[in-house]
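As a plain string of letters, each chain reads:
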Amino acid sequence: MARDPLLVCDDVHVAYPPRRRGGKPARAVDGIDLEISKGEIVALVGESGCGKTTFARAILGLQEVSAGSIVFDGKSFPATADDRKSFHRRAQIVFQDPTASLNPRHSVYEIVAEGLRIHGLSDNEHEVVTRALERCGLHPADRYLSKYPHELSGGQRQRVVIAGAMVLEPKLLVADEPVSSLDASVRGEILGLLQTLAREQEMAVLVVTHDLGLAWNIADRIAVMYLGRIVEIGATEELLARPKHPYTQALLSVVLEHLGMVQQILVGEMPDPTAIPSGCRFHQRCPLLQSGEAKKLGIDSRCTAEDPVLRSDNDGSSVACHATESPTRVAC
Amino acid sequence: MRESGSTTVRAMTWARRRRAFSRVWRELRHDRPGFIGLLLLSGFGLFALSAPLIADRSSLLAASGRNNPDLAAPSSKFLLGTDEIGRDVLAQLVWGSRVSLFIGLLATVVAVVIGSLVGLAAGYAKGKISAVLLAIDDFFLVVPFLPLAIVLAVILGRSPTTLAIVIGFTSWAGSARLIRAQVLTLSERAYVERARALGAGSWHVIVRHVLPGVAPLIIANATLIVPTAILTESTLSFLGFGDRLSPSWGKLLDGAQSSGSITINAWWYFLPPGLCIIGIVLAFTLLGRALERIFDPRLKGR
Amino acid sequence: MTTPVLQVSDLHVTYHAHSGAVPAVRGVDIEISRGETLGLAGESGCGKSTLAMALLRLVPPTTQITGSILLAGKDILTMKPGELRAVRWVQASVVFQGAQHVLNPVRSIGRQIDEATETHGRTRAGGVAELLELVGLGARRANDYPHELSGGQKQRALIAMALACDPMLIIADEPTTALDVMIQAQILQLLDEIKRERGLSMLFITHDLSVLSQIADRVAIMYAGRVIEVGAGKDLLRDSKHPYSKALAASFPIIGENTSRRHPQGLAGDPPSPIDLPSGCPFHPRCAVAVDQCRSIDIELRSVGNATNRRVACVHFGVRDG
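Chains as they are written, first to last, in the working numbering: chain A, 505 to 836; chain B, 103 to 404; chain C, 67 to 388.
Keep in mind that a hint or two might mislead.
What the hints assert, rightly or not - Mimicking DSS-like on lysine-lysine, the simulated pairs with C-alpha atoms at most 30 angstroms apart in a straight line are:
| no. | chain 1 | residue 1 | chain 2 | residue 2 |
| --- | --- | --- | --- | --- |
| 1 | B | 230 | A | 528 |
| 2 | C | 300 | C | 312 |
| 3 | A | 651 | A | 589 |
| 4 | A | 589 | A | 528 |
| 5 | A | 528 | A | 579 |
| 6 | B | 179 | A | 528 |
| 7 | A | 542 | A | 675 |
| 8 | C | 300 | C | 261 |
| 9 | A | 589 | B | 230 |
| 10 | C | 261 | C | 140 |
| 11 | A | 675 | A | 651 |
| 12 | B | 228 | A | 589 |
As the list claims (entries may be wrong) - Residues from chain A shown here face chain C by an in silico Cβ test under 7 angstroms; the list is partial:
| no. | residue |
| --- | --- |
| 13 | 651 |
| 14 | 689 |
| 15 | 693 |
| 16 | 717 |
| 17 | 769 |
| 18 | 770 |
If you are wondering where the hints come from, they were derived from the structure by calculation, not from laboratory data. C-beta atoms are modelled at their ideal positions from N, C-alpha and C, and glycine is treated no differently.
With the rest of the complex left out, here is chain A (with noise of 0.2 angstroms):
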């Protein structure tokens, strides 16, 4: 799996100091291992507020990380400014909602420009940008040059905003919802550039998502994360097949109710990271021990008490749940 990490994250913990005297921190990010290869696709997929969004700008050093280690590239994570600025060369990140990433003042060119101003790469400038922006579907890219972000719809934005991370030639793009706030009909459009970019350039791709299709559509291994941790991760096609942990279950029989799959909604909703629950962070609101499955299984004591460790299978993926440590469980 991971022939050629580019990325190792060990046990990578963020943590918020408390709004009021005396309340407790929010572990936003709550010990995660991923590792990211060369070239490789990979989806974070959890709700809002499990931490997705601050674990990938703490892989970026935009936020700084309380605990654990990021190893990029074999250097471990950079300390000195000099350092961080190459660092930031090689490892970019494509927001959200292209319209806010996008100065308002500023020309398409200068934009994607930017990058190279920052690093001192004046060489050539107009001609590396006319080429990534080609690269990225605008073509002929004479024609947005001068243009200002207001005046391109918004797939065009974030084909902008994706150019201006690729002129730097960058090893690793972190893509935060990359397509969220765009129509439907120009996502496929821009999921498609991302994966033809990570093929072209061997550049390595994590999309951070709460929707389980995008990463069918590009993802090679997908993780899901509930409440700042790593739940389940696996190759797409098996992960999504036979998902194991109970909540990829739950989340996978929501989206696929048409197909004529049970929906197990879950009750309630993902807790604070201020007060994370007591043993498997899950349990609240876990199907298995609210339907005696895990009493049967004779763990119900454990999932309240123990917090379960992503353990890996023989088949590469990796659960962090009790029952499937238990050999008597048949994943359905």
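Starting from the known structure of chain A, arrange chains B and C on it as the hints suggest.
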């Protein structure tokens, strides 16, 4: 290739500035109060520029009024009459407009420079620096400003330049607040985050993203500081802390008051400078508010 | 045949903006019978939200609305303001999108629901408590303020408010858009239950076709201010005829279906702006199967083959009605 690249960029930047300028001009022309303010201001500007044509500088000297009647009513010789020592009031008014405008503008430059630097730093830096700057800002916001200005004027001297610096130094606190708030919202924008992700340092972020965003606000705010500065100068001069040798409008009012022209109803002495002060304050305020409306989209449609 | 709850014919809605007239809805016919849910889908700018708001004349006063909107047989467009007020909320109510902007932040949920009923001089037997229980919030939440509720809970409160006067039609404008899948599923389930229990009719507006497969009996797809395809919910989504509906449906991949794996599908180009519509069929610049005719003629909705209620506005399908 590289050459052509950078020239096109420069050309584009200029084209954008031209467009932005013509947009502002178009909107200002359709903003009636703002346009009136601008006309009024141009009038005062011309008035100040034409001073040498209207009266000779020497007529400001005390000696020049020796042969004239004291406190004479307006006549064909003295369009606005004379003061208590026989000097031409019009001459003083027109030369005084230069002093008042000079002090108002210089004070504004001083206030805007200090205010912008403090505002930018307080908004951009987090933690202790910001807290200290805010505390200083708070001090200048609440300290009774006229006594402070008087004390400084007495210590530093009374030339128009020092007066302007004193006024500027005591009136930057409000704009610092305003600019800091704008900087705070700007630095939360996703495009600032994007620049950081591209590897940009603080300097790049401030120069490329934050400053251009606050510049319009600074301009509008500056236009509103000018009238306050002119008023302050008039107040200081009226209270006797002005420069004896350069007759500002405030100085004229001071003279009118101390010579008792108000009791004998020598209106030509106190009314013109009074009206001029009101007029210039009105002009700058109308223009400033209009610029604020044009530059700040949140105020549009109100 | 019973009168449909809602019958809209030849509806045109034109905004007047600074830049001129914006024809947002250009001749729409829809019909909803008792107990039926019509899903109205399309991308941003296709006119679906304008249509929804025009149904109760909740549009800026300068907006021009023509055609007819019969709600239980009475034309909304010819009503006097007083009559209109009596109909709004009592016969038809709206569940808006973006619950956080619709709720008043300084009033408790209970008060706000109360207000909805009081304005219409109606008091419910069970009152606010019953409504809150019905939407799964629990009666004790009546004293909570909007900021104390999560996104899903606010949406529930809005649904309670929409139900306050026992309307026969609910217009739900993207009610689940900002919500996570799980919460979205909860809300859809709730709406479905309420609808069944009370025999409510519903117009469900969304950009998300996958939601419609769960809730809509019939689906209408809009493009550039017009309905371009209408038909029974699941059939239409599984087997769309119009090239646009096809492409839109393909943008929502079915997990497990190999055609969409590593092959995200979409449409090149962008939806047209209502002030600058292409000639003929407004979809032709993005259409892969456009022929010369499409550039000049905008086809009306026509029945397709032997399908009972499937109608498509495309030159490649169907024969002219009647």
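For each hint, the structure was consulted:
For the suggested pair residue 230(B) and residue 528(A), the alpha carbons sit about 24 angstroms apart, so the restraint of at most 30 angstroms is met. Taken as a hint, the residue 300(C) and residue 312(C) pair is honoured in the structure, with Cα atoms around 13 angstroms apart against an allowance of 30 angstroms. The suggested pairing of residue 651(A) with residue 589(A) holds, with an alpha-carbon distance near 29 angstroms, which does not exceed 30 angstroms. The straight-line distance between the Cα atoms of residue 589(A) and residue 528(A) is roughly 34 angstroms, outside the 30 angstroms bound, and the hint therefore fails.
Restraint check for residue 528(A) and residue 579(A): not satisfied, since their Cα atoms lie roughly 33 angstroms apart, outside the 30 angstroms limit. Pair hint residue 179(B) plus residue 528(A) does not hold up; C-alpha atoms about 83 angstroms apart against a cutoff of 30 angstroms. Between the alpha carbons of residue 542(A) and residue 675(A) the distance comes to roughly 7 angstroms, so the proposed pair stays at or under 30 angstroms and holds. Between residue 300(C) and residue 261(C) the alpha-carbon distance is near 18 angstroms, which keeps this suggested pair within the 30 angstroms criterion.
Of the pairs offered as hints, the one joining residue 589(A) and residue 230(B) holds, with about 26 angstroms between alpha carbons and a cut-off of 30 angstroms not exceeded. Taking the CA atoms of residue 261(C) and residue 140(C), the gap is near 23 angstroms; set against the 30 angstroms cutoff, the hint holds. Annotation: proposed proximity of residue 675(A) to residue 651(A) holds, straight-line Cα distance about 28 angstroms (limit 30 angstroms). Between residue 228(B) and residue 589(A), the direct Cα distance comes to roughly 21 angstroms. Compliance with the 30 angstroms bound is thereby established for this hinted pair.
The interface hint given for residue 651(A) is broken, as the beta carbon of that residue sits about 14 angstroms from the closest beta carbon of chain C, more than 7 angstroms. Interface hint status for residue 689(A): upheld, as the beta-carbon distance to the closest one in chain C is roughly 4 angstroms, under 7 angstroms. Hint on residue 693(A) holds. Least Cβ distance to chain C is approximately 4 angstroms, under the 7 angstroms limit. A cut of 7 angstroms between beta carbons decides the hint on residue 717(A): the least distance to chain C is about 5 angstroms, and the hint holds.
Look at residue 769(A): its Cβ gets to within about 5 angstroms of chain C, closer than 7 angstroms, so that hint holds up. About 5 angstroms separates the beta-carbon of residue 770(A) from the nearest beta-carbon of chain C, less than 7 angstroms, and the hint is met.
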